[in-house]
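Working from the sequences, and respecting the hints, build out all of it.
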Amino acid sequence: MKKLNLSGLCFLALAAVLNLVGANLALALRLPIYLDSMGTMLGAALLGPVYGMLPGAVSAVLSGCTTDVYAFYYLPVQLATGLLTGLAFHLFRPGGAKDMRRILPASLLISLPGTVISSAITALVFGGITSSGSTVLVQLLHGAGLSLTASVCVVQGATDFLDRLISLVLAVLLLFALPQSLRGKIRNAEAESAQKKGA
Numbered sequence: 009m010k011k012l013n014l015s016g017l018c019f020l021a022l023a024a025v026l027n028l029v030g031a032n033l034a035l036a037l038r039l040p041i042y043l044d045s046m047g048t049m050l051g052a053a054l055l056g057p058v059y060g061m062l063p064g065a066v067s068a069v070l071s072g073c074t075t076d077v078y079a080f081y082y083l084p085v086q087l088a089t090g091l092l093t094g095l096a097f098h099l100f101r102p103g104g105a106k107d108m109r110r111i112l113p114a115s116l117l118i119s120l121p122g123t124v125i126s127s128a129i130t131a132l133v134f135g136g137i138t139s140s141g142s143t144v145l146v147q148l149l150h151g152a153g154l155s156l157t158a159s160v161c162v163v164q165g166a167t168d169f170l171d172r173l174i175s176l177v178l179a180v181l182l183l184f185a186l187p188q189s190l191r192g193k194i195r196n197a198e199a200e201s202a203q204k205k206g207a
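The working numbering applies: residue 9 is where the sequence shown begins, and numbers increase by one.
None of these hints come from the bench; they were simulated from the model.
Since the model is a prediction, treat every value here as computed from it, not as a measurement.
Just so it is clear, CB atoms sit at the ideal spot from N, CA and C, and this is done for glycine as well.
One or more hints might be untrue.
As the list claims (entries may be wrong) - Label pairs and their calculated CB-CB ranges:
#	residue 1	residue 2	range
1	Leu170	Arg191	25 to 31 Å
2	Pro121	Gly153	25 to 31 Å
3	Gln147	Thr74	25 to 31 Å
4	Ala185	Leu132	19 to 25 Å
5	Ser155	Ser15	22 to 28 Å
6	Leu132	Val69	19 to 25 Å
7	Leu112	Leu39	18 to 24 Å
8	Val133	Leu39	28 to 34 Å
9	Gly151	Gly192	24 to 30 Å
10	Ala158	Arg38	20 to 26 Å
11	Leu154	Leu190	47 to 53 Å
12	Leu14	Phe184	19 to 25 Å
Here it is as C-alpha cells:
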C-alpha cells in the first residue's frame, strides 16, 4: 500500500464532504437514490480500494452524528462501495476519457454486494422504513402484497444500481476534470517513481 501524502489526505477529506453534500441533497429532496457515495468512488478511483473506504467511513459517522442517524447503520455499505470501486477501477478502468462503456459492468460489480448488505440492514434492522425516499416504494410494493423482505430487495436492488451508476458517472467525470499533474500529486506519483528507481 502506497504512503498517503498531504495532498491525498486533503483529497480524501474533500471526498467525504462530497458524500455529505450528496446525501443531504438526496435526503432534502426525498429522492429514491442516495448520492452518498460519489466521494467514496472518487477516492477509490484515484487512491485504490483501501484509501477509497475512508471517505465513506468518515461521511457515514459525520452524517450519523449530524443529519441522518440511519447513516451509522449503513457504514458497512460505504466500506464495501469503496473497496469494490477500487477493484472495479483496477479491473475495468471505466471511463477513460473516451470509453464510458465499462461504466455499466463496473456499476454492477460495485452495487451487488452493497445491495445485499443494505437490503439486510433495511429489512432486519429497520423493518423496511428508513429516511430515504425509496422507503415509499418499499411500502407501495409491500402494500400491493409483496413480502417486506422481497419489497426491500427489489427496491434496494433497483435504487442501489441506479445510485451507483449515477455516482460512478459523476465520479469519473470529476476524476478526468482534474488536471493530470494534480492527479499525480494526489497519488504521490513522485514517491512511487522514486521507489521504482530505488528497487
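Now the hints, each set against the structure:
1. Leu170 - Arg191: 25 to 31 Å: With Cβ atoms ~28 Å apart, the hint holds.
2. Pro121 - Gly153: 25 to 31 Å: holds (29 Å)
3. Gln147 - Thr74: 25 to 31 Å: About 26 Å separates the Cβ atoms of Gln147 and Thr74, which means 25 to 31 Å holds.
4. Ala185 - Leu132: 19 to 25 Å: With Cβ atoms ~40 Å apart, the hint is violated.
5. Ser155 - Ser15: 22 to 28 Å: violated (49 Å)
6. Leu132 - Val69: 19 to 25 Å: Given range 19 to 25 Å: holds, Cβ gap about 22 Å.
7. Leu112 - Leu39: 18 to 24 Å: Cβ of Leu112 to Cβ of Leu39: about 21 Å, so the range 18 to 24 Å holds.
8. Val133 - Leu39: 28 to 34 Å: violated (22 Å)
9. Gly151 - Gly192: 24 to 30 Å: violated (53 Å)
10. Ala158 - Arg38: 20 to 26 Å: For Ala158 and Arg38 the Cβ distance comes to about 23 Å; the hint holds.
11. Leu154 - Leu190: 47 to 53 Å: holds (48 Å)
12. Leu14 - Phe184: 19 to 25 Å: Once the Cβ atoms are compared, 23 Å apart, the range 19 to 25 Å for Phe184 and Leu14 holds.
Of the numbered hints listed earlier, those contradicted by the structure are 4, 5, 8 and 9.
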